[in-house]
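We have chain X already, so just place chain C on it with the hints.
Protein chains: 2
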Amino acid sequence: MPAPQFPTPPAAAEPLTVMGAGLVGSLLSLYLARRGHSVQVIERRADPRRTGVQEGRSINLALSDRGWRALEGVGIADDIRRVGIPMYRRVIHDAQGQLSFQPYGQNGQAIYSVSRGGLNQALLDLAEADERISLRFQQQCRHLDLEQRRLHLLDTATQQPHDEPYTRLFGTDGAFSAVRAALQKTDRYDYSQHYLEYGYKELNIEGGPNGEWLLEKEALHIWPRGEFMMIALPNLDGSFNCTLYFPFEGSNSFAALETPQQVTDFFQRVFPDVLPLLPDLTGEFFRNPTSSLVTVRCFPWAYRDEVLLLGDASHAIVPFYGQGMNAGFEDCTVLNQLLDEHGDAAWPLVFNEFQTRRKPNADAMADLAVYNFTEMRDRVADPRFLLQKKIEGKIAQQFPGHWTPLYSQVTFSHTPYAEAWANGQRQDQLMAEFMAHIQTEADYERPEVQALLREKLAGGAPATA
Amino acid sequence: MPAPQFPTPPAAAEPLTVMGAGLVGSLLSLYLARRGHSVQVIERRADPRRTGVQEGRSINLALSDRGWRALEGVGIADDIRRVGIPMYRRVIHDAQGQLSFQPYGQNGQAIYSVSRGGLNQALLDLAEADERISLRFQQQCRHLDLEQRRLHLLDTATQQPHDEPYTRLFGTDGAFSAVRAALQKTDRYDYSQHYLEYGYKELNIEGGPNGEWLLEKEALHIWPRGEFMMIALPNLDGSFNCTLYFPFEGSNSFAALETPQQVTDFFQRVFPDVLPLLPDLTGEFFRNPTSSLVTVRCFPWAYRDEVLLLGDASHAIVPFYGQGMNAGFEDCTVLNQLLDEHGDAAWPLVFNEFQTRRKPNADAMADLAVYNFTEMRDRVADPRFLLQKKIEGKIAQQFPGHWTPLYSQVTFSHTPYAEAWANGQRQDQLMAEFMAHIQTEADYERPEVQALLREKLAGGAPATA
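As you go down the protein sequences, you meet chains X and C in turn. Counting in my numbering, the first sequence runs from 90 upward without gaps. Counting in my numbering, the second sequence runs from 90 upward without gaps.
Don't take each hint at face value.
Because identical chains share one entry, a pair is satisfied inside a single copy or across any pair of copies.
[Stated by the list, open to error] Here are the computed lysine-lysine pairs in the DSS-like style, where the Cα-Cα straight-line distance is at most 27 Å:
id: 1; residue 1: Lys-545; residue 2: Lys-479
id: 2; residue 1: Lys-274; residue 2: Lys-290
id: 3; residue 1: Lys-274; residue 2: Lys-448
id: 4; residue 1: Lys-545; residue 2: Lys-483
FYI, nobody ran anything at the bench for these hints, they're computed from the structure.
For reference, chain X alone in the conformation it holds in the complex (with noise of 0.2 Å):
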């Protein structure tokens, strides 16, 4: 990989101020630091590789093309890639205990499934390396000022409020977001939150006896059923995390299993493979939270020149396309290709882009997240949707340029994901034509749906971006 590039620093740049040192505001603050700014990133928690609190077994992410390409930007990717685990393909479990397999993409492609502590422990020691980039933890934001351009902290470790003028803020301080709450009260500003009715509760799938992976290492794991699902990432340690996503409320939820006698039960009828793998399930049951699930949308995110919202602080989405992380880091990359366009002194130009190229990505990633959820917990279930992913695979080789999947246009290429999700909903209109003459895979080849196919594809305007 070639070294990344970066312009000269400017002369005489103007502080910069990141709230939240969380994935996006480490990254965000080394973008900013490389283009010669100087950084101040204020984070309210304490800093975690001194407690080791996201240390060892924290939740995992699954990172692609999007993010990848992000970390490129400054460099890390590889380290990364080295501690992160290629998934292939989901391997989906049956209440019988039987796989079958889909692949996420061709030749080799992947998603990996990475720590959330450890990449952003990575991240916070190359910004605590550049001299450019002051961190400061235990920060409180407890009001913010757009009109003063003033910052109300509480120091936590001192319990000292104190005020701190900015600049420039980026808020990067996630789904909740104290930054975000200011722009929320100013008049016009367009916000929701929404909830699906789906909580989750994280389980651990235990390693064998020495280190190794109890189930395929390289793969997604899938338990589909219907209204609900189970999934599991793998470990460095032979461990995978494993989430239940499973309704609030009704015959099969949450409020439904009160006692460890029912969630044993429960996993022994619906989850009887994983059962086994799960030697504390009822004691982390009852001692792990139950979490709720929210899609956030808002606009603007920008408050004149001086105040832009990235990542989940504009658009939290809920987990199912392992895209939320991917998304708030394709923000960075495109916040920094505004800035090598336009140049680090033209902010009102930069914002009002940034704003208005990405708002609409970002709406498709969030119904996406959503669509994503179906197809995981319903549709893989399903042979003749496994059928259709198979023939989808065959058209997209048979057809290169004419067919990317959608999944692959969202995971693993940098086409705007509402572009993408327009092309997905077109190419599912097609599909649905196509199956009507396919029963198996060998139909693929009959002459008629050979000469359907050339008709759809080859003749018109390509089914991708």
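Positioned in the frame of chain X, the structure of chain C alone reads:
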């Protein structure tokens, strides 16, 4: 009208707290007090009866059947009707000053122009006269502690902060509700605020030298111009309250009118007949605020059986159907009915049924209000649309019980809004079928039209509730 009947007060009613002494809060306090509860009403602003801020020419509202029924429930409808002005029809002004007309209903049905301030003051007078109600003004809610059930208030007269406990709290504090802000911070709280790209500005049409009305008095006047519009409602003193609904940005917009000359030229071009009636047009235009138009949706409306939102606090809508106040008043009617049904001790059941029953209706009304904006600013200028409205009137007369126009269902009935909206959408489809055969009013009598009407209406299910 029969005197309202209220249940015998329970022996030891618990004290209730109502946050907000606007239209809905003051009416709600009367309903609760007449059920035997002692009620404390807390209001952020000063008493409008003392300050006179809302005296004189204030914004007027359109009261219709849902509002009247709620006012009848506390015996104040006749008093208000005496100071309201019935509006029997829309008077539509085209760009040449030519008029056309569209009746609102049949048999003298009208909506009533009433003064918001006058109505609020009448309700406050009634509340003050009730010994079970205590009114406390200039109490700003700084924070609401749902767990401790405590209000953190600021007395804005003395600038003294103080705390107050509550047992049961009704949030009637409007579109920017402080009570709702506390609920929003609870987990899994669905919330959205969405602004139209239109703002509004109020202007004043003076009465004649002898206090006479210079436009038709008993009518709502509309100047529909496609992308924007102006409306006017009559006041008792001969004046009209005039409201311009106009894009914030664009070629015809508030942003584009920067000088008095531009404003005058614009009115001369698009509203020539009203320009002579606006003696202080440019003064008012630059002095009066440009206000925004928000739709607020949220859920749940209740927190345990301890807090309940009503009115704009739970469902703020845009003003184009004249139903904001009417919907809030209907909330009071429905809550009172549920207390009749389940008893004044069954708060958990009542709160839950209230939000379950009212939420779909509030959502439908929010949609209807946006729908009617398009109708008022655009469709009423289309002769085909006015012909369709005439035909619909004929159908309603010919098939009573089988066809109630959507506007009548919303305005002159108590049909739940969601049902009215669903009926209206079915009717839209039917009207499209009928109008395909109708070019003039006389075509209504053609045998094939009559046959189609009988087939679709007399034989089938009623197209209304």
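Next on the checklist: My question is about Lys-274 and Lys-290: at a cut-off of 27 Å on alpha-carbon distance, are they close within one copy, between copies, both, or neither?
Outcome noted: Only across copies: Lys-274 and Lys-290 sit 21 Å apart there, 33 Å inside one copy, limit 27 Å.
Item to check | Alpha-carbon proximity context of Lys-545 and Lys-483, limit 27 Å | outcome: So Lys-545 and Lys-483 pass the 27 Å test inside one copy only (15 Å; across, 50 Å).
Item to check | Homomeric proximity label, Lys-274 with Lys-448: Cα distance no greater than 27 Å | outcome: both (20 Å within a copy, 25 Å between copies)
Item to check | Alpha-carbon proximity between Lys-545 and Lys-479, which holds within one copy, between copies, both or neither at 27 Å | outcome: within (18 Å within a copy, 48 Å between copies)
The structure agrees with every numbered hint stated previously.
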